[in-house]
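Asker: So the chains spell out like this:
4 protein chains.
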Amino acid sequence: MQPIVDVSPPKWHLGHTTWFFEEFLLVPHLADYKRFDDSYAYVFNSYYESMGKRVVRTDRGNLSRPSVSDVYDYRKHVTNAMRLLLGGPISDEIKPIIEIGIHHEKQHQELLLTDIKYILGNNPLQPIYRDKTDEVLIESQSHEMLSIEEGVYQIGYTSEDFCYDNEQPRHRVFLEPYSIASALVTNREWIEFMDAGGYENVLIWHTEGWDWVQKQQINSPMYWYYKDDQWYNYLLSGSQKIHPDAAVTHISYYEAFAYAQWKGMRLPTEFEWEVAQDKFQWGKRWEWTESAYLPYPNYQKPDGALGEYNGKFMVNQKVLRGASIATAAHHARSTYRNFFHPYLRWQFTGLRLAQSL
Amino acid sequence: MQPIVDVSPPKWHLGHTTWFFEEFLLVPHLADYKRFDDSYAYVFNSYYESMGKRVVRTDRGNLSRPSVSDVYDYRKHVTNAMRLLLGGPISDEIKPIIEIGIHHEKQHQELLLTDIKYILGNNPLQPIYRDKTDEVLIESQSHEMLSIEEGVYQIGYTSEDFCYDNEQPRHRVFLEPYSIASALVTNREWIEFMDAGGYENVLIWHTEGWDWVQKQQINSPMYWYYKDDQWYNYLLSGSQKIHPDAAVTHISYYEAFAYAQWKGMRLPTEFEWEVAQDKFQWGKRWEWTESAYLPYPNYQKPDGALGEYNGKFMVNQKVLRGASIATAAHHARSTYRNFFHPYLRWQFTGLRLAQSL
Amino acid sequence: MQPIVDVSPPKWHLGHTTWFFEEFLLVPHLADYKRFDDSYAYVFNSYYESMGKRVVRTDRGNLSRPSVSDVYDYRKHVTNAMRLLLGGPISDEIKPIIEIGIHHEKQHQELLLTDIKYILGNNPLQPIYRDKTDEVLIESQSHEMLSIEEGVYQIGYTSEDFCYDNEQPRHRVFLEPYSIASALVTNREWIEFMDAGGYENVLIWHTEGWDWVQKQQINSPMYWYYKDDQWYNYLLSGSQKIHPDAAVTHISYYEAFAYAQWKGMRLPTEFEWEVAQDKFQWGKRWEWTESAYLPYPNYQKPDGALGEYNGKFMVNQKVLRGASIATAAHHARSTYRNFFHPYLRWQFTGLRLAQSL
Amino acid sequence: MQPIVDVSPPKWHLGHTTWFFEEFLLVPHLADYKRFDDSYAYVFNSYYESMGKRVVRTDRGNLSRPSVSDVYDYRKHVTNAMRLLLGGPISDEIKPIIEIGIHHEKQHQELLLTDIKYILGNNPLQPIYRDKTDEVLIESQSHEMLSIEEGVYQIGYTSEDFCYDNEQPRHRVFLEPYSIASALVTNREWIEFMDAGGYENVLIWHTEGWDWVQKQQINSPMYWYYKDDQWYNYLLSGSQKIHPDAAVTHISYYEAFAYAQWKGMRLPTEFEWEVAQDKFQWGKRWEWTESAYLPYPNYQKPDGALGEYNGKFMVNQKVLRGASIATAAHHARSTYRNFFHPYLRWQFTGLRLAQSL
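As given, the protein sequences belong to chains A, B, C and D, one line each in that order. Residues 1 to 357, numbered by UniProt numbering, are exactly what the first sequence covers, in order. Residues 1 to 357, numbered by UniProt numbering, are exactly what the second sequence covers, in order. Residues 1 to 357, numbered by UniProt numbering, are exactly what the third sequence covers, in order. Residues 1 to 357, numbered by UniProt numbering, are exactly what the fourth sequence covers, in order.
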């Protein structure tokens, strides 16, 4: 099912990541490889316009075929062929494609979990996904503002390891002096915001954020609900009372901005975040920044279908920095740039405050 | 999945018909009956507002729980309890509820098949449902216009057997003289209409039908597509070339009306159909009529939840008469009134012409 | 301005009725007639698809040109030419076109007033249109139910005078016995309905009517508002307190139906209304009927552009009978069939109850 | 009329700028001042939530009252009172409010002209606004790329004269080396882009821009149309053939971006534009930049209603730099930041290319 356009059916994630290996590695580079099913390219292509026709995104939830079991067979077929390919000599040409295929799959692993949470969390039965999760994040460090000096800083990825095109090229940015919080905003603080009428005070919202609050009737983070004089939230391990010391999660950029306005502070830019990030702990919540998602100076879009990976989304989205509890191992980087529309809340998003000095 | 609001997921049909027996028979009438799951009422109530909260219709496709297997267990639970109930003495009070429960299930059996066709027929893989179906209806009788005399006729159900509230009370209707076709319009005739520019000629359409044609870019019946200079259509047994002698199927009321206008004729009213129906064969296609779905004189809405069954839909819908190849055995009646919005095409709908004399 | 799609700018009504005379009478029938402005046909054609391109209806409100003064000049130009035409011999061919042109203009005179009320009544300044109006209709007759016997009745227009195509042909209808109210439902009765929770009781509404109430947040007739513990309504003569004895006005079909359900009664069909109409007073309110707007048996659509006048609207609309205080003199007839979508309320609509016997 | 939400009726601009002086200067600062009409605040407030209720923006086009003549009277009343106020001693407190009132009016003078062009240019009669305009901009300078060195640059307003809050504070930005075009892209170049299939090539568009092109069926700049094998465009002085040497105008950010992609170049950031602007001519077209509209480091939102002026729009909009032929005298500044949603085209927008070195 696909309850909102951003959430894909779990079997689609599996089919799509499998298709990626088939289409970009096996078909062009494994001799005698035969596609599992010619029609799957049409079903599991996500948005690579250069690779032919595709099921438009809003229709993903209506595909009862291929079945879950068909998709597992497809996976097996492709895994076996990948073993063959990887067992032979690996040319320099295909190395970066293998690498991006793995990283692409890790991205979908993260989406898989957040999409499952959305699907279950919006089911009136509130089914439990698994008994234990580490969704409740309690940060133990002291809450303070860390000062950073003005200066020209290097931004972007520099090592020889893998990174996405949008993290490059490394370039210089001048930062005016600022401070940034050592810890994320907590549920306790968020409830103070709610109790102070934060969701009803038009003056702290963007016009567009205020329209969203009004139309969607937003009055708390996603997955929260009020029962018997108490706030609860849905977790993958089932519903439970809000933990006041945990980091607030599942908020939109609009909400993050309004909260910061209310505190007389602001969100950090993605550059401020990257420069300061080794001074605080991060990696359990995607953190909204004030930065719009834009190309770095001298950004080069890769040729061919992989060129469609990042560049074409660089308008009307906000950058998130960090990672989340749903992020695959070794997939987090201090230069990683995630990006979403400002109204989205289904990722494990959080909020860190900043201030100009 | 629920690709359009009118099409429900197959497992939902099973759950909903099961819930009907649980809610209206077992809970009130079987001693010590324990609901299978208290939350199912919320999920499987379709539109009985009197029976409490329900999942709104557009959300049916997003319920990954209860799973298909859960729903089968639910069915088994309710079937066993129904055996107990039916094994004991059956009071006069519950007899009509048992009866309507069975008829309700037959209606959903029909929807189940048409919904499956919609789901598979809109999948780009066009999966086959089963090898053989009797979808292609070739009528062998001579095509002629049957004349009916003017007069006061009795309309509506009269026997002591079951019928729906909307078929009653039996009452009198005056009909001016008319003729009605002995056979349904065929694909050959429909292709003549298409070739004559029927879908481009605004003057034969209702304003509202024309808007629909323009916005939805309609240029053929549903499930038809053009390939290699030939019209094909999707059937439950797979795609095949259009059979010119078969009855045209999967058309909206708007299209049926425009076709009749183009022929210089019209659709019969539901009363004309009912009066003439023993003079021709019917039962494989639901036939659009010119009649709006309205209450019969002195129509009485039943009390309680069952009163919500029919009456509340009596505005902005058109009556269909007959039955279809998806209709359950013994569910067809000459007084049966089906009803749909004029733009709907996913049922096995067809068209019979009529004319005033 | 055109605040909703059904309401046209006043100057457009004047331009459109003028264009009707120019297009259907002067251009084809007055020698040497020169169009005032060739582009006006494009602006002032309403929906006659046969007469060429037109400004789509939702754009009427965005035409700052031709100006009001241009349209008056256009009118003068056409009036002068019509004088010439009418001064000469009038052929049998053009007589019916002159006649329909006049009746068409009368229809727009009615719309002009209801549209002006909508435009002013939705302006936050609530401007007064004129000091005195006869909008408040207090019926003095006794409120009783008038019984009508069963039988075959003649329906439709029969005299040689003008009537619209949709009032013909005269034909026979059988009516089961019924009773019909001698007077319209009053504001006092409507307030009782509101106080009894009529707008919150799903069981008395059509499903579609209930959706409308919910989405539009309807809780009273149009132009009503509550202030200082009292219901007020906007009139063309300015806002004033609701008069309890006046006929309720500006209600939709949905509301009329729900009220009748709540009373355990129903609306009359248009045939019941026509048969009974000489037994009660009418003509100040358009009265909703239970009848869908459908063609009479053997209805013939006129040829050419005038054929687009009525027939193409015969789906998904409800018939209203009677007339209203905005109706032009000599424009009311007992066989007149007005028709609107069931949610519309900007006409002077009212409600008369009926009951099967 | 208000044909799209961004375009206001001309009389509304006059009423709104007048209301600004009344509300922020006369009511609080002129003794014994009496409002012209208490209800006007409700009609002419645009978006100052702190100042009370207002007519929502999409309803501005439906206000037939106050009439044009009423608004002129309102203007006269306020102008006379402003003369009184300005004739007396002017306190330091009100000086900045007078200043912003004048700048606010200049902004609306620009909108007035672009809105009039939209209203007339979308009228099927294509009325002429005035005989002569300077809309066709032919730049005579040589077309070359100007190189700018890397470095830390000062950005933002510094003089003591008036500027908007969003141009401050002056701060430092590091720029990598780049080049920027000495001239705007011309119609001839744009037609080459169109002829090369620019509007059909998905790979050069943002995903969001491509959706816009598809849904709106965009295939040329706004106001262009094709007739007799030739491109024309509507100008305030009437329609005429496209001048190939004139700067292309009325394009969206999406189109500007796609064009730059097609050329293998990009748009300048607003900082690159500001640093380079004294090396080329500008001021006749608003120029789209690659920059999202965001607050400068240490940006302070003013207190009170004036704080709503700029800050609350800082999400999902793009910065434009320069000015246009519709800009009031002395209203252009090299630090001026205009901003619009990326799909908007009704301003006199143009495009200057840039490139990283």
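Read the hints as simulated data drawn from the structure, not as lab findings. Just so it is clear, the structure is predicted and the values come from calculations on it, not from any experiment. Some hints could be false.
Repeated chains share a single entry, so a pair holds when one copy, or any two copies, can fit it.
To be verified - Here are the computed lysine-lysine pairs in the DSSO-like style, where the Cα-Cα straight-line distance is at most 30 Å:
hint, residue 1, residue 2
1, 11, 76
2, 263, 132
3, 227, 215
4, 76, 279
5, 263, 301
6, 132, 241
7, 34, 227
8, 215, 301
9, 106, 34
Asker: Need the list of violated hint numbers for this structure, in ascending order.
Answerer: 2, 4
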